[in-house]
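S.K.: Sequence:
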Amino acid sequence: MEAADAGGALPPLHHVHAGEAGPRVVLVHGFTQTHVAWMPVATDLDHDHRVVAVDLPGHGGSSEVHADLRTSARLLGEAGGRATYVGYSLGGRVALRLALDRPDLVDGLVLLGATAGIDDPHERAERRRADEALADRLVADGLPRFLREWFALPLFDGLEPAPADRAARLANSPAGLAASLRLAGTGTMDPPWWDELGALRVPLLAAAGARDAKFAALAERLAGAVAGPARVALLEGCGHAAHLQDPAAIAALVRTFVAALPS
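When we follow this note's numbering, the leftmost residue of the sequence shown carries the number 1, and every step to the right adds one.
Since the hints were made in silico from the structure, they are not lab data.
Watch out, some of these pointers could steer you wrong.
Stated by the list, open to error - The calculated label-pair distances, taken between Cβ atoms and stated as ranges, are:
hint : residue 1 : residue 2 : range
1    : A9        : A199      : 26 to 34 Å
2    : A259      : R129      : 37 to 45 Å
3    : E64       : E236      : 35 to 43 Å
The beta-carbon is built from N, C-alpha and C at its ideal position, and this holds for glycine as well.
All chains, please: the whole structure from these sequences, using the hints.
M.R.: Here you go:
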């Protein structure tokens, strides 16, 4: 399955705005989520920032948009404009791709629970096969069952999504989510992007939940790989989805990071 895009054929991504003054911040959600997942953080930030929350391809109001990571990044840049980009998991991959392709649009980059890809080609191929099978199961079983199993994964231990977030996920299109898995899963980063990071000079905050050991290590690796200024932040008591477990802490990290960016 390939992205249904020929350099401009896709519609723009659905997005919402909050706040009228201050630095511009774009919030980019993870797989199965929508912009609604970021609302607690957006509500905190919009007092002194202009906030844009985007629905990625296959999700929410962008469910009919099917795109790979590079095309998703282009569409994200068109929706968000020049800003600090804050991406979680899938959203982190898309925001990182945007920073690599269009650093002129990215004042700063906050990556939460993100990676630049899987090094081992056999593991990468296996992840792609697993995501294809997961996409097939999602369509066959339907969203309610899929989401029950998704939230039961060890990655999300202790996570209880807010009612609005859960409702927004259930309103997603199974076909859209399946397309996202097939086109923009971690296994599609082939080759991985680690070797590209040495040219990235965009200021970076690489974050992860302190209980998310795998992605805490990946945050350290991301921060050490880029050419620009970078630091790591680990969220105490949080797992993979730290923005859902402690939105106030994430908002505080973003606010401090943005305030320190070069003017």
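S.K.: Taking the hints in turn, state whether each one holds.
M.R.: Here is how each hint holds up against the structure:
no.	hint	result
1	A9 <-> A199: 26 to 34 Å	holds, 30 Å
2	A259 <-> R129: 37 to 45 Å	holds, 44 Å
3	E64 <-> E236: 35 to 43 Å	holds, 39 Å
The structure is consistent with each of the numbered hints, conforming to all of them.
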